[in-house]
Amino acid sequence: MNAVFYLLAALTLAGGLAAVLLKHLVHCALATTVAFAGLALLFLQLDAQFAGFAQILVYIGAVAILIVFAILLTRGSELPKDGVFSRTWFVGLVIAAGVFAILGWAVLESVRAVPQQTAVPAVTVRDIGNALVGRYVLPLEIVALLLTAATIGAVIVAMHEKERPR
Amino acid sequence: MIMQSPFPFALKIMPVPPEAWIVRWLWLIPAAPIVASGVIALLKQAQKKLASGLAIGSLTFSLLLSLIAFGHILSSRAIIFGFQKAFNVEFPDTTIRSIVSFTWFQFGHSTVDLGWVLDPLAAIMLVMVSFVGLLIFIYSVGYMAQDENFTRFFCFMSLFAGAMLGVVISNSLLLLFMCWEIVGLTSYLLIGFWYQKPSAAAAAKKAFVTTRVGDVFFLLGIVWLFSQTGTLLFYNHGVGSLEGLALVHLLSQHAGLGLSAAGAIGLLIFAGAVGKSGQLPLHVWLPDAMEGPTPVSALIHAATMVAAGVFLVARVYPLMAAGAPLMPIGAALHGTTAALTVVTWVGASTAVFAALIAVAQNDIKRILAYSTISQLGYMMAGLGLGGVAVGMFHLITHAFFKALLFLGAGSVIHGCHEEQDIRRMGGLRADMPLTFGTYAIGMLALCGFPLVFSGFWSKDSILEAAKHWDISKGPFYLLVFGALLTAFYMTRQVCYVFFGHWRGHETAHESPRVMTLPLAILAFFAIALGVIGTPAWPWFRAFLENRTAAFDLHGFAEPGLGLLMLTSSLVVFLGLGLGWSLYGDKSPKPEAPDALEKSAPWLWAPLRDRFYVDELYGVTVIAFYAWWARVTDWFDRRIWGGIVAAVTWLFGLWAQLNRLLDVHWVDGGFDKTCEELSSGGGLLSRVEGGRVQNYLRILAAAVVALVAILLWSSRP
Amino acid sequence: MGVTTPLAGYLLVAALLFAIGLAGALVRRNAILVLIGIELMLNAANLNLIAFWRFGPHPEALTGMMFAIFSIAVAAAEAAVGLGLVISIYRHTNTTDLDKMNRMKG
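Protein sequence lines correspond, in order, to chains A, B and C.
Heads up, the first sequence stops at 146 in the working numbering, and the numbers go up one at a time, no gaps.
Heads up, the second sequence stops at 713 in the working numbering, and the numbers go up one at a time, no gaps.
Heads up, the third sequence stops at 388 in the working numbering, and the numbers go up one at a time, no gaps.
Keep in mind the hints are simulated off the structure, nothing from the lab.
A virtual CB, placed ideally from N, CA and C, is assigned to each residue, including glycine.
Please note that the accuracy of each hint is not assured.
No farther apart than 20 Å at their CA atoms in a straight line, the calculated lysine to any residue pairs in the SDA-like style are these [stated by the list, open to error]:
hint: 1; chain 1: C; residue 1: 382; chain 2: C; residue 2: 372
hint: 2; chain 1: A; residue 1: 3; chain 2: A; residue 2: 55
hint: 3; chain 1: C; residue 1: 382; chain 2: B; residue 2: 688
hint: 4; chain 1: C; residue 1: 382; chain 2: A; residue 2: 65
Between beta-carbon pairs, the in silico distance windows are [claimed, not checked]:
hint: 5; chain 1: B; residue 1: 705; chain 2: A; residue 2: 107; range: 37 to 45 Å
hint: 6; chain 1: A; residue 1: 110; chain 2: B; residue 2: 705; range: 37 to 45 Å
hint: 7; chain 1: C; residue 1: 339; chain 2: A; residue 2: 3; range: 41 to 49 Å
hint: 8; chain 1: B; residue 1: 708; chain 2: A; residue 2: -14; range: 22 to 30 Å
Based on the sequences and whatever the hints tell you, model everything.
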């Protein structure tokens, strides 16, 4: 385990924590972006270059922007009166801790059984392209459909309602 | 046509004409007036012409059929006697009788049969009832013209006529009893026709209850007869209850008091006749029955219904005469049965009893009512003394002249503007000549004025039979005394009403033609019927006894007959003379005491008060009955009522208990369950908080649990 | 205990990031923050996938990589629709506070 990994991990986790803990919504959005960036770098370190760049393009380039737009459109910049945390925040924290505990335990218990490779895989974009239209053509088409539906749905949902004659 | 003869071989030789259609359709005779009555019951009050037309039309139809039936009997007689003459044979004991019977219902091995019979007795009664009935119907059209209940009147009268005709043709004692009861019912309805008058309603009730007393014994007799002979048909080809086999069987049984079963049953049936015909002691209803309209009195209480009792005795005569030797014509009679002796004594005593009371009455109709009771006594005595023919002849003649007298009285009442007290009439000889003429004829026929009038011949045949009675001469003297009284009181009545001068309020007027025409017709028959019963030509007797009768003046040459005729004539003249001397052409004021009362007040009081019979009954029978009714009422209210109330209270208690259970357990339980469900639902609904984060938390917690379980279970 | 393999390290990081995202989704009031938490969770899952692809058998089959790529695409679509919904709800109820949105309660 090299130091780069630890650094990138710390960056990602800090970004995540900040996103969840900060009061100001725009700060949270920015922290999320930092977390996304950290993850992209982790992908790059894992020799998944395509995934890393896709992460940057989609998440940072689109999703984060969407989140910021949503915050703007819902006046999220104003601080709520009752506080940012729910009244029953402790229960949620406990549950999240429980989830981490169980996942951690699962990882530590089972990772010894999995044989591990350390050779770098030779993956080119051409291979990914071939796989997309070869073996994974069905999911590709379905995702295309999904994206179309999502786009149309999002537009309709967020559209201003026409004034109905009363 | 059935020929009955004790000589079976003769049966094959005698001619048997095919059964006439009239026998098959004889039932139409009573059915037509009953159907007319039913139709009239549906008519409105205003349809007077239609109602009277239906009634008169149906009875005319019945009369026509009765005449055809009578003609059939006559032609059958002609055939038989012609045959006898031609072949010079003699069939003793032939009976011209046709029967039609059918089974009504069966129980076990016994059957109850109904049916009708056509024999000379039935034929002559049919003609008389329908003819007299028709005349009275026509009379009623005039008499009841002003009455608003005209339609109801004809409905009941028609029903009566049909039921009476049913009594006449019935071959079954049960069917006869059923028609008998309908006759009693219509009598009640017609006596109480003007039911708003309390006296009329009370009289109707009295009539019904009194005749009911007789009917109880009648029913006992029917039941006894059925149990002994197994059949209620009178004649049934040899196995009927009045025929040889049954009579032998009944005679062999002894019923105590020296009577055989036949005699006892006969006396029980006679008890029914006592009620219906107003004999002593059940005579009390007949005078009160005069509350009904006069045509009702004429038809029901003079000519037909009261004669039904006499007819009944004539019908069951074989039962009562069983065991006695046959009675030959005219000659000395040898012995008689105990039952017939009772009938004779009851009849004779009633005749005198009622005649005595009639002497002291002041209501025109009541005099005639007591006269009817008296003459019915004569008929009963005639049956007991001389047989069916003697009694029936007087019945037939009486029907005509008594109906005539009643209708005449109705005419008088109508003409005197509804006045019925004879002391307020008088001198009507001039004002109502037609009525006077016909009334006089009827009166003389009733008295038995010699030779011209039918009453003389019929009464004389009874006196002759009484004279030759072996048991006792008592009835003879009683009946002669009764004849004296009859002449006396009728003269009294006629003098009061038609002679002297008018003592009423407004002037009297003669009645319309529709009322006087029937009077004239009846007057004619009051005279003419005498012809068929004289000793010179005893056609009536021969008709009923199935023999021929030749016109033979030597009939008058019977020993003792001339003396008897002389005696009865003298008695009549004596009575007429006495009456005239006391009352003739005098006009006592209404308030003044009667002439007889002045001379013999000790005699007058019990006569006027009807020998206190009604009062006696009031103190004994009615008082006991009222006491019994009170006891039963107390019992009913306290005991039965108490039991019912107790049961009701128990039920109420039970209902209350159920209600408590229901409210507290059932409802409570149910409500509780609902509440629990509701709160449980409330509890459960808190899961659905609508908060997304809660859902998410639950999901996450569940995933944790699931993974933990999976991992734990898959540990090596 | 010690992290002996690089795979375990990546997996733990992913698990921690997942827990952080879940906590954020469960604890914060704002609807948009719930969506941010969801995105973090999805990213953690992607990291898991890539890690398994890199250190698992047959990386030349590209299974892990493809899975992650599709996951990214679907996540983007879902974020778009979800945020659209939040905006729409904000227009109707004028709030994004999840504590206040309980009209679906039973």
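Status of each hint after checking the structure:
The hinted pair formed by residue 382 of chain C and residue 372 of chain C meets the criterion: a straight-line CA distance of about 12 Å does not exceed 20 Å. Restraint check for residue 3 of chain A and residue 55 of chain A: the C-alpha separation of about 14 Å stays at or below 20 Å, so the hint holds. Restraint check for residue 382 of chain C and residue 688 of chain B: satisfied, since their Cα atoms lie roughly 8 Å apart, inside the 20 Å limit. Restraint check: the Cα-Cα separation between residue 382 of chain C and residue 65 of chain A comes to about 13 Å, which is no more than 20 Å; the hinted pair holds.
A hinted range of 37 to 45 Å for the beta carbons of residue 705 of chain B and residue 107 of chain A is consistent with their spacing of about 39 Å. With their beta carbons about 42 Å apart, residue 110 of chain A and residue 705 of chain B fall inside the hinted range of 37 to 45 Å. Separated by about 46 Å at the C-beta atoms, residue 339 of chain C and residue 3 of chain A satisfy the suggested range of 41 to 49 Å. In this structure, residue 708 of chain B and residue -14 of chain A meet the distance hint of 22 to 30 Å, their C-beta atoms being roughly 28 Å apart.
Hint check: no violations occur; every hint is consistent with the structure.
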